[in-house]
Amino acid sequence: MDAATQHTTPSMTYEAWKAQAVSYAWTTYLLPDDCIEDDRFQSAFSAGDTPERAVDDHCQRYDINKVGPWGTI
Numbered sequence: 130m131d132a133a134t135q136h137t138t139p140s141m142t143y144e145a146w147k148a149q150a151v152s153y154a155w156t157t158y159l160l161p162d163d164c165i166e167d168d169r170f171q172s173a174f175s176a177g178d179t180p181e182r183a184v185d186d187h188c189q190r191y192d193i194n195k196v197g198p199w200g201t202i
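Position in the sequence shown (first residue = 1) + 129 = our numbering.
Keep in mind the hints are simulated off the structure, nothing from the lab. One or more of the hints may lead you astray.
Distance ranges between label pairs, derived from CB positions [as the list claims (entries may be wrong)]: (1) MET141 x ARG169: 16 to 26 Å; (2) GLY197 x SER175: 14 to 24 Å; (3) TYR191 x THR156: 12 to 22 Å; (4) GLY197 x PRO161: 25 to 35 Å; (5) SER140 x GLY197: 30 to 40 Å; (6) ASP192 x SER140: 15 to 25 Å; (7) GLY197 x THR142: 16 to 26 Å; (8) GLN189 x ASP168: 14 to 24 Å; (9) ASP186 x MET141: 25 to 35 Å; (10) ALA145 x ASP186: 12 to 22 Å; (11) ALA145 x ASP168: 24 to 34 Å; (12) GLU166 x ASP192: 15 to 25 Å; (13) THR156 x ARG190: 16 to 26 Å; (14) SER152 x ASN194: 11 to 21 Å.
Glycine included, each C-beta is placed from N, C-alpha and C at the ideal position.
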C-alpha cells in the first residue's frame, strides 16, 4: 500500500483535505469541485482516508475512468 492509499489519522482540517480532494478529482478525473460533496466525503475524512483514496474509491464505485494522456478519457 502506498502513501496515497493508506489510512491515516487526519492531520489537516476537513477544509484543507477537501481542497486537496477537489484538486485531485479535477486533475485525475476531470470532475468539477461540486462533485466532492460533504455528505459523501466527510466520513472518508473521519475514517482517515487520504483525499486521493476517497476520490479513487468514489470513482471506482461509480465506474468513472481516470483521464488519459493529454486530457483524454
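Evaluated hints:
1. MET141 x ARG169: 16 to 26 Å: Once the Cβ atoms are compared, 19 Å apart, the range 16 to 26 Å for ARG169 and MET141 holds.
2. GLY197 x SER175: 14 to 24 Å: violated, 33 Å
3. TYR191 x THR156: 12 to 22 Å: Given about 18 Å between the Cβ atoms, the range holds.
4. GLY197 x PRO161: 25 to 35 Å: Between GLY197 and PRO161, where Cβ atoms are some 19 Å apart, the hint is violated.
5. SER140 x GLY197: 30 to 40 Å: Cβ of SER140 to Cβ of GLY197: about 32 Å, so the range 30 to 40 Å holds.
6. ASP192 x SER140: 15 to 25 Å: violated, 31 Å
7. GLY197 x THR142: 16 to 26 Å: Given range 16 to 26 Å: violated, Cβ gap about 33 Å.
8. GLN189 x ASP168: 14 to 24 Å: Holds, since GLN189 and ASP168 (Cβ atoms, about 19 Å apart) stay within the stated range.
9. ASP186 x MET141: 25 to 35 Å: With Cβ atoms ~19 Å apart, the hint is violated.
10. ALA145 x ASP186: 12 to 22 Å: holds, 20 Å
11. ALA145 x ASP168: 24 to 34 Å: violated, 19 Å
12. GLU166 x ASP192: 15 to 25 Å: Check passed, 18 Å falls within 15 to 25 Å.
13. THR156 x ARG190: 16 to 26 Å: At 20 Å between Cβs, range holds.
14. SER152 x ASN194: 11 to 21 Å: holds, 18 Å
Violation of the numbered hints given earlier is confined to hints 2, 4, 6, 7, 9 and 11; the remaining hints are satisfied by the structure.
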